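Engineer: Given next are the chains, with one letter for each unit.
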Amino acid sequence: MEGDAGWLSVLVAILGGAIRVSTPYLFVSLGETLTEKGGRVNLGLEGVLVMGAMTGYATAVLTGEPWFGVLVAGCAGAMLSLVHGLICSLPRVNDIAVGIALFIFGTGLAFFLGKAFINPSAPRLPSISLGGWSDVPQIRSALEINVLFLVGLALALFIAWGLRNTRWGLVLRTVGDSSEAAEALGYRVNRVRIAGTVAGGFLSGIGGSYLSLYFPGTWNEGLSSGQGLMAVTLVIFARWDPIRCFYASLLFGGATALGPALQTVGITANYYLYGAAPYFLTLGLLIYSSSRQHALAGAPGEVSISR
Amino acid sequence: MKHASSLARISPLAPPEVAITDLTKRFGALTALDAVSLTVRPGTVHALLGENGAGKSTLVKCLMGTYRADGGQIRVDGAEMRLSNPREAQKLGLGMVYQHFTLVPSMSVAENLVLGEEDMPAVIDWPNRRKALREFMDSMPFRLDLDRVVSGLSAGEKQKLEILKQLHLGSRFLILDEPTSVLTPDEADQILGLMRDLAREGRISVVLISHKLREVETYADEVTVLRGGKRVGQGQVSDLGRADMVRMMVGEAPPATERAGAEHVTGAEVLRIDGLSVDNDRGVTAVRDLGLAVRAGEVLGIAGVSGNGQTELVEALAGQRDATGGAITVDGKPFHRTRAEMRDLKIRLLPEDPLRNACVRAMSVAENLSLRSYDEPPFSRWGFWLDRAAIRSHGEELIARFHVKTQGPDALIGTLSGGNVQRTVLARELSEGVRVLIVQNPCFGLDLKAVAEIRSRILAARDDGAAVLLISEDLDEILELSDRIAVMSQGRLVHETPRAAASLQEIGRHMAAH
Numbered sequence: 001m002e003g004d005a006g007w008l009s010v011l012v013a014i015l016g017g018a019i020r021v022s023t024p025y026l027f028v029s030l031g032e033t034l035t036e037k038g039g040r041v042n043l044g045l046e047g048v049l050v051m052g053a054m055t056g057y058a059t060a061v062l063t064g065e066p067w068f069g070v071l072v073a074g075c076a077g078a079m080l081s082l083v084h085g086l087i088c089s090l091p092r093v094n095d096i097a098v099g100i101a102l103f104i105f106g107t108g109l110a111f112f113l114g115k116a117f118i119n120p121s122a123p124r125l126p127s128i129s130l131g132g133w134s135d136v137p138q139i140r141s142a143l144e145i146n147v148l149f150l151v152g153l154a155l156a157l158f159i160a161w162g163l164r165n166t167r168w169g170l171v172l173r174t175v176g177d178s179s180e181a182a183e184a185l186g187y188r189v190n191r192v193r194i195a196g197t198v199a200g201g202f203l204s205g206i207g208g209s210y211l212s213l214y215f216p217g218t219w220n221e222g223l224s225s226g227q228g229l230m231a232v233t234l235v236i237f238a239r240w241d242p243i244r245c246f247y248a249s250l251l252f253g254g255a256t257a258l259g260p261a262l263q264t265v266g267i268t269a270n271y272y273l274y275g276a277a278p279y280f281l282t283l284g285l286l287i288y289s290s291s292r293q294h295a296l297a298g299a300p301g302e303v304s305i306s307r
Numbered sequence: 001m002k003h004a005s006s007l008a009r010i011s012p013l014a015p016p017e018v019a020i021t022d023l024t025k026r027f028g029a030l031t032a033l034d035a036v037s038l039t040v041r042p043g044t045v046h047a048l049l050g051e052n053g054a055g056k057s058t059l060v061k062c063l064m065g066t067y068r069a070d071g072g073q074i075r076v077d078g079a080e081m082r083l084s085n086p087r088e089a090q091k092l093g094l095g096m097v098y099q100h101f102t103l104v105p106s107m108s109v110a111e112n113l114v115l116g117e118e119d120m121p122a123v124i125d126w127p128n129r130r131k132a133l134r135e136f137m138d139s140m141p142f143r144l145d146l147d148r149v150v151s152g153l154s155a156g157e158k159q160k161l162e163i164l165k166q167l168h169l170g171s172r173f174l175i176l177d178e179p180t181s182v183l184t185p186d187e188a189d190q191i192l193g194l195m196r197d198l199a200r201e202g203r204i205s206v207v208l209i210s211h212k213l214r215e216v217e218t219y220a221d222e223v224t225v226l227r228g229g230k231r232v233g234q235g236q237v238s239d240l241g242r243a244d245m246v247r248m249m250v251g252e253a254p255p256a257t258e259r260a261g262a263e264h265v266t267g268a269e270v271l272r273i274d275g276l277s278v279d280n281d282r283g284v285t286a287v288r289d290l291g292l293a294v295r296a297g298e299v300l301g302i303a304g305v306s307g308n309g310q311t312e313l314v315e316a317l318a319g320q321r322d323a324t325g326g327a328i329t330v331d332g333k334p335f336h337r338t339r340a341e342m343r344d345l346k347i348r349l350l351p352e353d354p355l356r357n358a359c360v361r362a363m364s365v366a367e368n369l370s371l372r373s374y375d376e377p378p379f380s381r382w383g384f385w386l387d388r389a390a391i392r393s394h395g396e397e398l399i400a401r402f403h404v405k406t407q408g409p410d411a412l413i414g415t416l417s418g419g420n421v422q423r424t425v426l427a428r429e430l431s432e433g434v435r436v437l438i439v440q441n442p443c444f445g446l447d448l449k450a451v452a453e454i455r456s457r458i459l460a461a462r463d464d465g466a467a468v469l470l471i472s473e474d475l476d477e478i479l480e481l482s483d484r485i486a487v488m489s490q491g492r493l494v495h496e497t498p499r500a501a502a503s504l505q506e507i508g509r510h511m512a513a514h
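Here the protein sequences line up with chains A and B, keeping their order.
At position 297 of the first sequence the residue is numbered 297 (UniProt numbering), and the sequence of numbers has no breaks.
At position 95 of the second sequence the residue is numbered 95 (UniProt numbering), and the sequence of numbers has no breaks.
Honestly, I wouldn't trust all of these hints.
As the list claims (entries may be wrong) - Below, computed lysine to aspartate or glutamate pairings styled on EDC-like, alpha-carbon distance capped at 16 angstroms: (1) B:Lys-61 to A:Glu-180; (2) B:Lys-91 to B:Asp-125; (3) B:Lys-212 to B:Asp-189; (4) B:Lys-61 to A:Glu-183; (5) B:Lys-212 to B:Asp-447; (6) B:Lys-91 to B:Glu-17.
Keep in mind that the hints were calculated from the coordinates and are not lab data.
Given the structure is predicted, the values throughout are model-derived calculations rather than measurements.
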């Protein structure tokens, strides 16, 4: 009896953790989907994420307005990704190499500029309680849902719709799938790709602000543990589909929450091993989705990882 | 006249008269187009004839605004045009159907049709749009399912979609760039016949870029012949004979393949393939349960429309792609497609796109010529030390023997022309004795002289007792070289006949069968 309730609370904790932790994954993976649908890979989104976390936090500290922080974080992410987009538009520039440089540059710049903001505390983003119907405190806390999570869900639906039903969506997919076709139709390939990269950076910056302004809700140098990079893997697993990005983000979020969830029922052995669950998951999914025989299904034709 | 009613909708205006005067285009020191003039009268099919590199593509790219001409004028209905973008050409009703398809592979037929529309709305109202597209399709002489994804279409269907796309956009002046290179003879006749009918009705004008004389004779009204960027002939097709046109294209009497040793003897079975199955990049079976046998001194020609598993078959034989089942034997010994077996059993390959599939682009001609044997004496000592001087002199010898045009043995292979890359690979593959020769599309994109030479070399290898497996999309080539002909369709061999009993209609029918 006691044991049943224990395992139930583990499940609830994983679910709650999944919702809490998944938001940055969701925003970065949606951003990377937009970038890659245009035919480029931006590995620098990890740097963009950290930069977004720092600028969002700093803005919230200085103005006292967390939502303004989210906006500034998005803009900082867009600016940083614009650098990626512009450099990659030069002839014979490899987007992977530029992405790694941007990753290091973005994190370094954020640490440098963010030194002053490690101590002050910023106002947090509000959340909505959806667990009022339950008396169980764990369920109540699990269903304490941040607004950004819901925005992310709406965005996933909107992007999925937009890629099929809007001119922008069709043009982005054209450029990402066949630059030859896009040129023959008179589209400017580089411009569209830069736009896709910048939009992706905006979303990733917002994902970063979630880290510093909601969960865990502080700013320090160990804030991100590679979520930005893992989100790139997640896009491959989700086969460049925004809706599947949402599910995959929940899965990764749940894996991240595994350690803390087990802790709630007193399993503290191997805590750090469980903490590595998302990284194992990343490796496992990459092996699972790779094949000696097939190319990646659904991959945009111009993306360098699928060529 | 059966299309007249349907076409009123697509082309409310008469096709424009396009006059090109003294058009010149230079790329650095090279003059790709040298003061070429031609006029396409409304409602005619005007053929642009010439070998690869004659300037045909450059001419139409200037016309479409992809390139900016260095001199000369283009007038559309009398008004001079300075186009800088294909979209502007589109607005004037000029449309281009490219040789390499410009469809978006991951999108559906409907999405591809909507993409080019000039007034594509910000949000696409699919239900209405699809209704309009369905009406458009119903008014067309050939149709495609709107929901099919382009990557799943056959080459012929893609070609049709390209043409449908242009007609949908209201183009009244269509440029077809080598439209039939990927079609079966029947599909080619159907599409070109349709284009000619539309032109006769005065609905469209067509510029047909081709190097196939039969097509030009049958479907074009006027012809302009280009050679080396210059206009070397022009006139009504009905006034010119086939021999005249060839002479203009080549500049001399047409070269002929030396059919050496017509009395060659066929020996024992050498190459045998049983139950071979191979998957394509998407994990779909591309070659299914394929079996064949080739004897010594025999050419087995495999015809077929591209995309029916030929490339996967060759890649599997070359060791570039895993087979999912089946066995290959050479002279009765199993062949697992390793380098050592290729050496011992003397299996040699001339794959398509040799620069990509058979060469190392960043290496010199001499190094590429030694790729089969660089690790053996006399090129290698003690198993690791390479004697570069020996490699170089070996390269020089083969360059001379196979007439490879290069700046020298140290030039990078990537700097050579297509024909000379092909000669280089052929030199490497044929110089040390060959038991099995596997050849795919050996003459694709080469000029007539190189074609004749390469075909003669293949036949010479056969006469020396090699078993030759020729996989080609060019039916004329298959008919010219093969002793036996098989047709590949959907990964299987569906028809086999000795050359003497082969009929073009019969082969074409099997190529088209699904």
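Engineer: So, for every hint listed, does it hold in this structure?
Structural biologist: Hints and how they fare:
For the given pair, B:Lys-61 sits about 14 angstroms from A:Glu-180 by alpha-carbon distance, which is consistent with the 16 angstroms threshold. Our distance criterion of 16 angstroms between C-alpha atoms is broken by B:Lys-91 and B:Asp-125, whose separation comes to about 23 angstroms. This hinted pair checks out: B:Lys-212 and B:Asp-189 have alpha carbons roughly 13 angstroms apart, not beyond 16 angstroms. For the hint linking B:Lys-61 to A:Glu-183, the alpha-carbon distance of about 12 angstroms falls within 16 angstroms, and the restraint holds.
Distance hint between B:Lys-212 and B:Asp-447 is fulfilled; the C-alpha atoms sit about 12 angstroms from each other, no more than 16 angstroms. Restraint check for B:Lys-91 and B:Glu-17: the C-alpha separation of about 15 angstroms stays at or below 16 angstroms, so the hint holds.
Violation of the numbered hints given earlier is confined to hint 2; every other hint is satisfied by the structure.
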